[in-house]
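Protein chains in written order, with this note's numbering: chain A, 1 to 454; chain B, 1 to 247.
Hint data in this document are derived by calculation from the structure and do not stem from the laboratory. The beta-carbon is built from N, C-alpha and C at its ideal position, and this holds for glycine as well.
Over 12 Å on every C-beta distance to chain B, these chain A residues come out as not near it, computed from the model:
#1 G92
#2 N116
#3 R177
Cβ-to-Cβ under 10 Å is the rule here; a few derived chain B residues that face chain A:
#4 W15
#5 L58
#6 V65
#7 F179
#8 A189
With a cut-off of at most 20 Å between alpha-carbon atoms, the simulated SDA-like pairs for lysine to any residue come out as follows:
#9 A:K30 / A:A263
#10 A:K30 / A:T257
#11 A:K368 / A:A49
#12 A:K368 / A:A300
#13 A:K368 / B:R56
#14 A:K368 / A:R292
#15 A:K30 / A:A260
#16 A:K30 / A:T262
#17 A:K368 / B:L90
#18 A:K368 / A:R53
#19 A:K30 / B:D174
#20 A:K368 / B:Q97
#21 A:K30 / A:L249
#22 A:K368 / B:G93
#23 A:K368 / B:D53
#24 A:K368 / B:A96
#25 A:K30 / A:L44
#26 A:K368 / B:P149
#27 A:K368 / B:P88
#28 A:K368 / A:A296
#29 A:K368 / B:G147
#30 A:K368 / B:R140
#31 A:K368 / B:L89
#32 A:K368 / A:A50
#33 A:K368 / B:G181
#34 A:K30 / A:Q261
#35 A:K30 / B:S145
#36 A:K30 / A:G258
#37 A:K30 / B:G147
#38 A:K368 / A:R303
#39 A:K30 / B:R172
#40 A:K368 / B:V85
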Amino acid sequence: MTHAERAGDFLRDPERARWHDASLWSLREKRDRAATAVPDWEALREAAAAIKRHTLASLPFYLARFEERARARGAVVHWARDAAEHNAIVEGLLREAGATRVVKSKSMLTEECGLNPWLEARGIELVDTDLGERIVQLRCERPSHIVMPAIHLRRAEIGALFHAELGTPEGLDDPARLTLAARTDLRRRFLGAQAGITGVNFAIAETGGIVVCTNEGNADLGTALPPLHIACMGIEKLIPRAADLPVFLRLLARSATGQAQTAYTSHLHGPRPGGALHIVLVDNGRSALRSRADFADALACIRCGACMNTCPVFRRSGGHSYDAVIPGPIGSVLEPARAPSAHASLPQACTLCGSCRDVCPVRIDLPKQLLAWRGELLVHTPHAGARRTALRAARFAFEHARVYAALGALARLLARVLPERWLSGRWNAWTRGGRALPRIPRRSFRAELARRRR
Amino acid sequence: MRVGLFVPCHVDQLWPEVGLAALDLLERAGARVEFPTDQTCCGQALLSAGGHDEARALARRFARVFDRYDAVVAPSASCTAMLRVHHPLLLGGAEAQAFAARCYELCEFLHGVLRVAPPTHAFPHRVALHAGCHALRELRLGRASEGGPRGEDPVRALLSGLRSIELVSLARADECCGFGGVFSLVEDAVSCRMGLDRLADQRAARAEVVTSSDPSCLLHLASLARRHAPELRVLHVAQILAGEKSA
Chain A
1 MTHAERAGDF LRDPERARWH DASLWSLREK RDRAATAVPD WEALREAAAA
51 IKRHTLASLP FYLARFEERA RARGAVVHWA RDAAEHNAIV EGLLREAGAT
101 RVVKSKSMLT EECGLNPWLE ARGIELVDTD LGERIVQLRC ERPSHIVMPA
151 IHLRRAEIGA LFHAELGTPE GLDDPARLTL AARTDLRRRF LGAQAGITGV
201 NFAIAETGGI VVCTNEGNAD LGTALPPLHI ACMGIEKLIP RAADLPVFLR
251 LLARSATGQA QTAYTSHLHG PRPGGALHIV LVDNGRSALR SRADFADALA
301 CIRCGACMNT CPVFRRSGGH SYDAVIPGPI GSVLEPARAP SAHASLPQAC
351 TLCGSCRDVC PVRIDLPKQL LAWRGELLVH TPHAGARRTA LRAARFAFEH
401 ARVYAALGAL ARLLARVLPE RWLSGRWNAW TRGGRALPRI PRRSFRAELA
451 RRRR
Chain B
1 MRVGLFVPCH VDQLWPEVGL AALDLLERAG ARVEFPTDQT CCGQALLSAG
51 GHDEARALAR RFARVFDRYD AVVAPSASCT AMLRVHHPLL LGGAEAQAFA
101 ARCYELCEFL HGVLRVAPPT HAFPHRVALH AGCHALRELR LGRASEGGPR
151 GEDPVRALLS GLRSIELVSL ARADECCGFG GVFSLVEDAV SCRMGLDRLA
201 DQRAARAEVV TSSDPSCLLH LASLARRHAP ELRVLHVAQI LAGEKSA
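Please take these sequences and the hints and turn them into a complete structure.
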């Protein structure tokens with residue numbers, strides 16, 4: 001299935017689509033207000049972009065430094081080439097500690113690696129502790145948004161889910177009471193957990209420390225209660241110095257939700273007394289992407305989700321329409337790099353409006369990359385041969401003004417004489433979604449001009 | 001100054017009135033305008049469909065056809081963005097860069113280069129100005145609601161001279177209309193939803209006329225309006241500025 005087909009399914013519930021668009025648009029507006037309130041917003045974006053580009057250019061150096069400094073602080077550092085290696089390392093650490101009950105705060109990397117199903121299949125119970133992630137975990141689906149994993153659900157649906165899974169009264173859809181029910185259940189899980197897994201927002205090469213941002217404090221509980229903390233991170237999460245951190249902390253929450261800061265920003269430097277800290281550094285395609293001049297920039301992403309909130313297509317098609325770990329504009333760049341044929345339709349899910357480029361806190365030129373992917377993925381799109389032929393034919397016509405003019409005249413003639421019901425059949429994508437046929441003039445501009453000048 | 005008028009293929013074939021209005025405005029402004037008949041298409045549709053090589057060939061051809069002019073002017077912000085931003089990327093080199101800098105969107109040229117006085121005839125209508133994404137975020141004519149570089153919006157500047165015109169404010173000042181070239185066909189469901197949302201916003205503002213510097217957005221919106229909002233008139237800004245009564 002293509003993005004367009006899944007988007008069509010999403011739009012079949014117009015009320016949900018309208019409300020999804022409005023929810024995300026309000027986040028865009030909050031972001032706008034927060035960005036405007038920072039006088040040097042553009043300079044901040046510029047600085048963040050420069051720091052990320054620099055770090056990525058010297059990534060091996062900073063990775064080695066981070067490993068050395070993190071070890072000096074008592075953390076154990078692991079390297080995983082791909083998802084399977086990552087999952088095996090995490091599983092091994094849990095087995096070594098005899099942990100079968102694990103809590104996990106939000107981590108797109110573990111989604112990417114498929115850690116949940118991996119551990120479940122091997123008898124380890126893993127509970128997602130971010131409320132949105134818990135909701136999608138209970139529904140056995142993936143997050144539809146990287147910051148708000150359950151943004152596609154209405155509260156009545158969450159009420160029904162909690163009634164079935166957590167025993168809340170039937171028909172209860174009061175957000176405060178539903179949250180309390182989830183909290184009560186999660187508190188029990190936190191207290192019983194033998195290990196905590198977290199993602200990493202930033203890893204500081206200079207100090208060997210990691211920084212985890214949440215709005216719910218779930219990462220803090222998950223790392224403070226159980227004795228074992230496993231932090232999983234992609235190798236692109238590095239920043240050089242502690243002094244670089246404020247640049248990103250000022251941008252991250254403002255871009256994501258319009259907050260000045262995330263409610264909790266946890267700085268973890270080495271294991272807590274009596275505990276163990278393991279950091280798993282994962283490549284999983286990142287080095288390959290780094291070597292691609294046209295797409296390497298996408299590695300600068302700090303996963304704020306601003307491009308999703310502003311994207312007019314994402315807002316009206318829902319995160320699941322991308323059928324990918326990371327949806328939206330940045331996902332449409334990253335996912336084809338991982339699996340070109342599976343995600344070939346994603347770069348097409350874009351009008352090239354350019355708004356994602358303007359909101360991106362690290363100034364990734366997403367439209368440019370999406371455009372570059374379209375050319376490269378042509379071989380993987382349905383009817384690739386026909387498309388190629390059509391492109392070549394169009395080129396031929398446009399390279400010969402007389403051919404172009406003659407074909408234009410013929411097409412307009414046919415459009416004027418053929419019955420409308422033929423022209424607007426199911427085959428015609430222009431009229432299928434509810435557009436009328438354009439009014440067809442008798443003469444083209446050039447013909448009219450020639451006539452007037454005769 | 002010798003001005004080459006570029007009439008984009010969709011305007012040439014589907015909306016000749018826009019080309020005529022643009023020609024009229026340029027002549028009235030005293031420019032020496034020519035329409036080189038060897039012109040065809042800027043290649044934007046091919047590029048957005050993934051045809052980088054095909055688009056490059058058309059970019060090369062375009063520069064050849066329009067090389068002899070001091071300025072190239074088009075009544076389309078999106079096609080102008082193709083000329084100014086994407087052609088130099090496709091072709092590379094200082095020459096392509098210099099040629100691109102001579103390409104202008106019609107209102108940008110009238111207001112910013114020729115500095116014409118805004119027309120003052122009466123246009124007693126409530127008008128919704130549709131900000132095309134490429135005018136805003138590629139040519140930087142105006143400022144996008146999410147921020148970014150600030151530029152002057154020549155469309156608004158020229159329209160505001162008209163007597164009795166009322167420019168309405170929209171709930172979402174610069175939301176994309178959903179046309180997006182090949183997107184409108186590949187993703188027709190989302191494309192139409194986006195367009196209908198624009199029409200709803202414009203109707204809520206009690207607009208009688210929708211206008212823009214981007215004829216491709218307008219052709220999409222007009223096709224939706226014909227089915228879903230027949231009372232809305234869709235006019236290219238050149239038609240309004242040239243003083244035409246109807247589309």
